[in-house]
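Number of protein chains: 4
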Amino acid sequence: MDFSTIQINEKLGVLLTKYDDFLNEHIIPLEQEAVYGSFKAALPKLNALRDLAKKEGLFAPHLSINDGGIGLSLTDFARVSEILGKSPLGHFIFNCQAPDIGNMELMHQFASKELQEKYLNPLQRGEIRSCFAMTEPQHAGSNPKHLSTTAVRVGDEYIINGHKWFTSSADGAAFTIVMAVTDSENPNPYQRASMILVPLENPGYRLVRNIPIMGDVGEDYMSHAEVKFEDCKVPASNLIGKEGGGFALAQERLGPGRIHHCMRWIGICERAIDLMCRRALSRELDPGRPLSGQQTIQNWIAEAVAGVKAARMLVLMTAHRIENEGAKAAKTDISTIKFFVSDILMNTLDKAIQTHGALGITDDTILSFWYRHERGARIYDGPDEVHKSVLARETLKKYVQTGN
Amino acid sequence: MDFSTIQINEKLGVLLTKYDDFLNEHIIPLEQEAVYGSFKAALPKLNALRDLAKKEGLFAPHLSINDGGIGLSLTDFARVSEILGKSPLGHFIFNCQAPDIGNMELMHQFASKELQEKYLNPLQRGEIRSCFAMTEPQHAGSNPKHLSTTAVRVGDEYIINGHKWFTSSADGAAFTIVMAVTDSENPNPYQRASMILVPLENPGYRLVRNIPIMGDVGEDYMSHAEVKFEDCKVPASNLIGKEGGGFALAQERLGPGRIHHCMRWIGICERAIDLMCRRALSRELDPGRPLSGQQTIQNWIAEAVAGVKAARMLVLMTAHRIENEGAKAAKTDISTIKFFVSDILMNTLDKAIQTHGALGITDDTILSFWYRHERGARIYDGPDEVHKSVLARETLKKYVQTGN
Amino acid sequence: MDFSTIQINEKLGVLLTKYDDFLNEHIIPLEQEAVYGSFKAALPKLNALRDLAKKEGLFAPHLSINDGGIGLSLTDFARVSEILGKSPLGHFIFNCQAPDIGNMELMHQFASKELQEKYLNPLQRGEIRSCFAMTEPQHAGSNPKHLSTTAVRVGDEYIINGHKWFTSSADGAAFTIVMAVTDSENPNPYQRASMILVPLENPGYRLVRNIPIMGDVGEDYMSHAEVKFEDCKVPASNLIGKEGGGFALAQERLGPGRIHHCMRWIGICERAIDLMCRRALSRELDPGRPLSGQQTIQNWIAEAVAGVKAARMLVLMTAHRIENEGAKAAKTDISTIKFFVSDILMNTLDKAIQTHGALGITDDTILSFWYRHERGARIYDGPDEVHKSVLARETLKKYVQTGN
Amino acid sequence: MDFSTIQINEKLGVLLTKYDDFLNEHIIPLEQEAVYGSFKAALPKLNALRDLAKKEGLFAPHLSINDGGIGLSLTDFARVSEILGKSPLGHFIFNCQAPDIGNMELMHQFASKELQEKYLNPLQRGEIRSCFAMTEPQHAGSNPKHLSTTAVRVGDEYIINGHKWFTSSADGAAFTIVMAVTDSENPNPYQRASMILVPLENPGYRLVRNIPIMGDVGEDYMSHAEVKFEDCKVPASNLIGKEGGGFALAQERLGPGRIHHCMRWIGICERAIDLMCRRALSRELDPGRPLSGQQTIQNWIAEAVAGVKAARMLVLMTAHRIENEGAKAAKTDISTIKFFVSDILMNTLDKAIQTHGALGITDDTILSFWYRHERGARIYDGPDEVHKSVLARETLKKYVQTGN
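Protein chains in written order, with UniProt numbering: chain A, 1 to 404; chain B, 1 to 404; chain C, 1 to 404; chain D, 1 to 404.
Just so you know, these hints were derived from the structure itself, not from any lab. Errors might be hidden in some of the hints.
Chain copies aren't distinguished; within one or between two, either way the pair holds.
As a list, the in silico DSBU-like pairs of lysine-lysine whose alpha-carbon atoms are at most 30 Å apart [claimed, not checked]:
hint, residue 1, residue 2
1, LYS145, LYS397
2, LYS397, LYS11
3, LYS398, LYS328
4, LYS397, LYS18
5, LYS398, LYS18
Generate coordinates for the entire structure from the input sequences, incorporating the hints supplied.
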């Protein structure tokens, strides 16, 4: 058992084992069919697993018991998230997948009772899916002043116009939360935008296409859409939080979201290391001379294992800080894990592929899926370069404040 | 004009410009359709370009004028290859694509007159395509002793049995050249195998599947097949070269083949740098503040440009040596460029993608295709790790030989 | 305050602040004189600081209160060690410097009462210094079978013969503990050697030279000697632990020793980052345009800060495990931190130097000292490459044991 | 024989062998004494070697036959420079060492007849040494506007005031060429400074100290001084070139200077690889199991060899371009080799040291000298980061010029 598990109490340990067993027994065997085949066609099987998860008391670990979940803290859920990350299907089965989990967290805190009843509750039960429309094709996402989607208040409605992309999982979703400028004149650019819930059965909404990403058009949950809002009308009461509060909410959303992503990435690394070790032991250069005896392979395994250990500690400490001091206090930690873990993720995947030789670039292992789709890890939620600048500037700030 | 062009005489310069113009005008505009769409469906348009290439005297630059080509030396063809490499379709249009070019070189030197007339000639004219069946799923390709496909001589036929994969472009090919053990008892493992030409209209041959590679099943020329030979009979006269000469021929094939690949990779880098620069100049962080002003982006551009310059020199010198001293004398140079250039290739693609942000992971640019399909560059023709060992051992050998 | 300090209780926090203040006020100002000048000449001033440390109750934090120390746990001492690491003089002032601290730990557990009274007690009080003679010039240190120093039992004496080097701080030391083969025929090579205490006032002992290391011959505590044992006689009762137990003791010694080194390295990184930030803020490219605005510098700062955070967590967790489960259980963790932290150390120093420009390669900052003397960090206590292999093999072992 | 030697004609080949033999026979054996010992004390032996070099017709290969040299072209001299670079003493013995060679080139082109007779001629004969005072401690060298040393014309004299450092080899030099502002009001900052020759027997000149660099104070030729000019008077006719032409001359000087440095660095790499190979073959992990069988060591050797091959080609091509098109046309090539080769240099030295284990950090091999003193390679003549920006901006400029 890993050294860092010293922090795991017995009860959590039992739970983690259950998730691990479920994953190995039920989820991984479905990967070829649901990840490389048609996700849509596999939905009946996937939904059956969701039912089984509910039956076994494993569904929605992040939700309170009242809301049908297990009520795990952010730190404990992080541990679960690591295990689920070992399969691209893991989080989906337990209804704690992005972007839905982010919407749940957001709506739980900031949506009106009415919106909660109508949208949050079925979302938490896994009856519907949702998406989040923020990124725009024409503008660098890291600059809030560049947002061009607008929501104009007319009577008791908002009329939304704009062009978004990388609206993940829009295909088949029941609603989206859209980030739109409601007050373009506000001198503070961070107070210009708001978050508004838009049901997707709406004549003003159009899914332009599922964007082909690294060779996959994708479908349903496993897709990233380009969408348009064209005089799209929604009730003014669909506003989440306050008008002008969009960026504040986005920040709230990003903190735990980063924990979820990073722990999922660590799970991916664990799986990649597992595949790398098995391949190294079974592939022979000569009869009786397995690949695992090659020092280069050993270097790769060692560096991956060390990186993952370090990454896990950093993320858990960040989760701990978010829980105890809030996302704002943990700002630089959140930036740190973003670029630190994504780097380890991409290196680990790369070495696992190289260890597999020609097999590594086929879709016969799950590595190809992650190599392609997690290339985005260094880009989404702010490219690594932006987070490095954030961390550096915060580090430098201390000197300036104290007069050096 | 690039400094290394000091070696280009005026005549070659004119020719290179023609290829570059043809590429930009005719080939790149077809990429979305033929690379990300259906290659098969695009074949009529691609074939029309082949006809145009013939008309303009640009077809088959590597072939002698007698054989319908331009008669370029290996070094001059390398220059052309760099330009064609800027598009995944480049080499195909001019009928100098792998694996056909390798088969042409091989058959030109070692096939019987009869085989040349029947198979080589139409191949050179671009009327048929071919493939090369060497890699086996069960064995590490770097070890010749592991080959399990056999060709047993019975009367005036060979009966071939075996399982191959990564038989590139088998789908739609007219024939393959297969590497098979003909003398398993030979004490020298490098003299056990032979190369035999197998027409694919053959009941003993089966294309099991086009292997899904990094999300693409592929089709026709753009595919990599898993194939089986099951009591597959061919005339004994289909032997290429001598019985037991398979590995010697494979080595002959690899030398120029490495030049072709490496120059193609350099072309890919050129295109990636071009896309990176354009993106950096046009993407604005703020109005009037383009990405190109970011020092990190500048570092990436500079490192890519420097790497490509160095790589080009190394490959051209290696080509020069192969021409003047033969592939055997250039053995360590050939190993050197394999790992040196593939590393620069993957780094350059990675940075070009990162510069594009979210757009970089979509199939809206050609970068995604190469990021995925050239991941194999560090694996095929011997993984980089094997070539590093080769170079190191040859370097160390000098000390041992001189008694030092 | 750093996120990882969540584990620091209030009392320890107060103590750490005291050490930090002492370091900044008294120790750092002595660096130019004692590190780049003559350590020997600076000894009176250094000893005065040792007295001050005693007076302030900060001396020998690793020792029990009975032994004149503070009685910190390994984990708490690790925190102190990080702070002291910010100066090459830090540990020396508080009498917790290598190799003495290792000898104290060893003798505390395994030396006879008599040896403890005669040697350990004055060592703990800082009245004498000691050294540790293990590494031999002729043999790779990673292989125990290669040890050639012998100790032959004749009557109630050992007669020791052998050649050692990298016997750190031998110059001026009162005694050494030497690793010597006492049973060369033992079938288990790990049971052939013993540890024996040798007083250095001994006609059979010779300090051949202080080895010039990276431009420094060094002197006194700050030196690494080559020494010879030539029919060197010591009482048989100078044996530490059991005959044949040398390697077992060495392993015991290495566990906490690695923690001490790694936390010291982290302290070095902290100082390097501090210098890098101050330089970046004060050095101007143009009036009003400090170096700190350069994105490349920001990347370096961010990567260093992230690396240090990760390293600190890993080392503290390893310390925690050693305390709770013993050094043997923590074996792979100990190997992990060895190569993980030394890599971060060297990178951080390199970037701090580059940030300083020409100043960085002078001895006007302390960076030059560490750049040179900590280059050994990737070599001593087993080169990083050996530790990577250890970690990889342990990782792979799990698969073999469970039948995969 | 190395592949790149295809460019070496027979005559040059014979010459290179002579230099190599001279180096191995006479120079390398003096290293411990003259590099790690006292350079000054070794001067008689070094000067004897200079006489021998003259006798053998190898002295001053870069000078014309008229000037007592061999009259090699820049490209041919580059080849010699690579060989001489294998020892820190190489260039000095043949009187082609920096900074003297740069001063010779400069004065040959731009100094008055009078200055040539009085200073250049004895410099070329090796009777005196010189230095070059440009870098200032208070300002980033990459910005010309920051120069604070002034030379005020009063009558037929210049009165110079200023503070310089990294004035290499000032200790023992007969004269310096100083860069000083003569026209601080010139709107073009690149036309404010001039180069003036200052004889160092001058009451207004003071050598403040030889700066301790990485543990070495150094002396004579092997030193880097901090110097002051305090109302230092020289004849106005000591101006080199035109008033205000300082930066233009500095650029002229830098082009060939970069070639000299880069080829010297490649020579260092050759020596490091040589030492690495010998160590790998002779150091045994177990009897009969040398270090050279370790794949990690093989990787290091292969990567170093490949890097050096690439670096050599790049530098030779740049030299070729400077000769044929001038330093200005080769500007980006010159920036490219600066950062490309220094990176390979530092990596190669690092790996050679690691291969040597503990021995690698001692001064028992020459590696320690270079590890320390060539750390400056990434800093002097403009830090690598500046050259990367230059190359990137030039690359991007092409797009802007062509309207993208």
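Is the C-alpha distance from LYS398 to LYS328 at most 30 Å within one copy, between copies, in both cases, or in neither?
-> Intra 16 Å, inter 41 Å, cutoff 30 Å: intra-copy only.
Homo-oligomer pair classification [LYS11, LYS397; C-alpha up to 30 Å] | between (42 Å within a copy, 28 Å between copies)
Within, between, both or neither: LYS398, LYS18 at alpha-carbon 30 Å = Only across copies: LYS398 and LYS18 sit 21 Å apart there, 45 Å inside one copy, limit 30 Å.
Can you tell me if LYS145 and LYS397 fall within 30 Å by alpha carbon in one copy, between copies, both or neither?
-> Result: close both inside a copy and across copies, 24 Å intra and 28 Å inter.
Could you figure out if LYS397 and LYS18 sit no more than 30 Å apart (CA to CA) within one copy, between two copies, both or neither?
-> Between copies only: 24 Å across chains, 45 Å inside a chain, cut-off 30 Å.
Checked against the numbered hints given earlier, this structure breaks none of them.
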